[in-house]
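Based on the sequences and whatever the hints tell you, model everything.
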Amino acid sequence: MIMKGLIFDVQRFSLHDGPGIRTTVFLKGCNLRCLWCHNPESLYSYPEIEYYPNKCIGCGSCIEQCPHANQIIDGKIVYCRENCIYCGKCAQNCFAGARVLAGKSMDVTVLMDIIEQDVSFYSRAGGGVTFSGGEPLLQKDFLEASLRECKNRGLHTAIDTAGNVPWEDLESILPLTDLFLYDLKAMDPEVHKHATGVDNVRILDNLKRLSAQNTTIIIRIPVVSGINDSIENMERTAEYLGELKNINKVELLSFHLLGEGKYESLDKMYMAKDFKMLDKKELLLLQKPFTQRGIEVKVS
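Numbering-wise, the sequence shown is residues -18 to 281 according to our numbering.
Calculated directly from the structure, the hints in this document are not laboratory data. Among the hints, a few may not be true.
No more than 27 Å apart at the CA atoms, straight line, and that leaves these computed lysine-lysine pairs for DSS-like [claimed, not checked]:
id, residue 1, residue 2
1, LYS70, LYS249
2, LYS174, LYS189
3, LYS279, LYS262
4, LYS36, LYS243
5, LYS279, LYS269
6, LYS57, LYS243
7, LYS230, LYS257
8, LYS(-15), LYS85
9, LYS57, LYS36
10, LYS70, LYS85
11, LYS254, LYS36
12, LYS269, LYS230
13, LYS(-15), LYS121
14, LYS257, LYS269
15, LYS70, LYS243
16, LYS189, LYS279
17, LYS121, LYS132
18, LYS70, LYS36
19, LYS36, LYS85
20, LYS70, LYS(-15)
21, LYS230, LYS121
22, LYS269, LYS226
23, LYS261, LYS243
24, LYS261, LYS279
Label-pair distances were calculated between CB atoms; the ranges are [stated by the list, open to error]:
id, residue 1, residue 2, range
25, GLY1, ILE44, 41 to 47 Å
26, ASN195, ASP248, 44 to 50 Å
27, PHE76, GLU171, 46 to 52 Å
28, LEU239, ARG274, 30 to 36 Å
29, SER104, PHE76, 32 to 38 Å
30, GLY207, GLY242, 19 to 25 Å
31, GLN(-8), GLU224, 30 to 36 Å
32, ARG217, ASP55, 54 to 60 Å
33, LYS254, LEU(-4), 25 to 31 Å
The beta carbon of each residue, even a glycine, is placed where N, CA and C say it ideally should be.
Next comes the structure, spelled out in structure tokens:
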């Protein structure tokens, strides 16, 4: 049986998802609902259409290809999302880019063909392949098959995860994963639930178990004003991490507003529009609890 996954992007020449030059594979579907999420197209485990009406040139190709969700109303072409069956035909034939299919079914062989295009860069720059999302472990079987193919080719592998999955799922990919990029949002379980829709009990438990394995972990903290940017939260985080093994580094990632346009294209409410972006100086002040415990910190 050919293993297939639902992928919404494959980003080549990535420099921010692990060491060296990498290919980052974004798998669709997530079981968190972070208020600040900048990839809303990653949330649901089915294809969606991103619609950008300002790009439409009125050629009518979408109506010819798929009349279900594309209609002429008052002389203008209109995308009716409630009628969409997500076949993707309108997006495939929209040369102006007004319609974009978010989520394509792809088998492991096709994915590896894309990944192998940049093998020479991986070897020269110490790079590899990172699987992100969404939450990549929600497509565990496809993820495991893809990781296995990467390791068969001698490629460095990384997983970007929020850890909100059964421990057995994490454990199953341990032999195939060189690096875990592990997201921590907030230490207080109630704050975490408010910000993401779930508490952090399983996330912290999985991190503790993972740190006891023979693996390498980089902690990623998206720093969001009014949510987790207090020195108290960073103190609690640093104290927790200080008790764990195999924590290679902590990355403090500044919240940004770059995802707002995607929410509009998907007809979804953007919950973070009033959130304040922190400047570099504010982020640098949050390093101290980690550096005091000998934990390396990167601010970006």
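Taking the hints in turn, this is what the structure says about them:
| no. | hint | result |
| --- | --- | --- |
| 1 | LYS70 x LYS249 | 22 Å, holds |
| 2 | LYS174 x LYS189 | 20 Å, holds |
| 3 | LYS279 x LYS262 | 13 Å, holds |
| 4 | LYS36 x LYS243 | 14 Å, holds |
| 5 | LYS279 x LYS269 | 12 Å, holds |
| 6 | LYS57 x LYS243 | 22 Å, holds |
| 7 | LYS230 x LYS257 | 26 Å, holds |
| 8 | LYS(-15) x LYS85 | 10 Å, holds |
| 9 | LYS57 x LYS36 | 13 Å, holds |
| 10 | LYS70 x LYS85 | 12 Å, holds |
| 11 | LYS254 x LYS36 | 23 Å, holds |
| 12 | LYS269 x LYS230 | 14 Å, holds |
| 13 | LYS(-15) x LYS121 | 11 Å, holds |
| 14 | LYS257 x LYS269 | 22 Å, holds |
| 15 | LYS70 x LYS243 | 20 Å, holds |
| 16 | LYS189 x LYS279 | 22 Å, holds |
| 17 | LYS121 x LYS132 | 16 Å, holds |
| 18 | LYS70 x LYS36 | 17 Å, holds |
| 19 | LYS36 x LYS85 | 22 Å, holds |
| 20 | LYS70 x LYS(-15) | 20 Å, holds |
| 21 | LYS230 x LYS121 | 26 Å, holds |
| 22 | LYS269 x LYS226 | 20 Å, holds |
| 23 | LYS261 x LYS243 | 25 Å, holds |
| 24 | LYS261 x LYS279 | 11 Å, holds |
| 25 | GLY1 x ILE44: 41 to 47 Å | 46 Å, holds |
| 26 | ASN195 x ASP248: 44 to 50 Å | 46 Å, holds |
| 27 | PHE76 x GLU171: 46 to 52 Å | 49 Å, holds |
| 28 | LEU239 x ARG274: 30 to 36 Å | 32 Å, holds |
| 29 | SER104 x PHE76: 32 to 38 Å | 37 Å, holds |
| 30 | GLY207 x GLY242: 19 to 25 Å | 23 Å, holds |
| 31 | GLN(-8) x GLU224: 30 to 36 Å | 34 Å, holds |
| 32 | ARG217 x ASP55: 54 to 60 Å | 56 Å, holds |
| 33 | LYS254 x LEU(-4): 25 to 31 Å | 28 Å, holds |
Against the hints set out earlier in the document, no violation occurs for any number.
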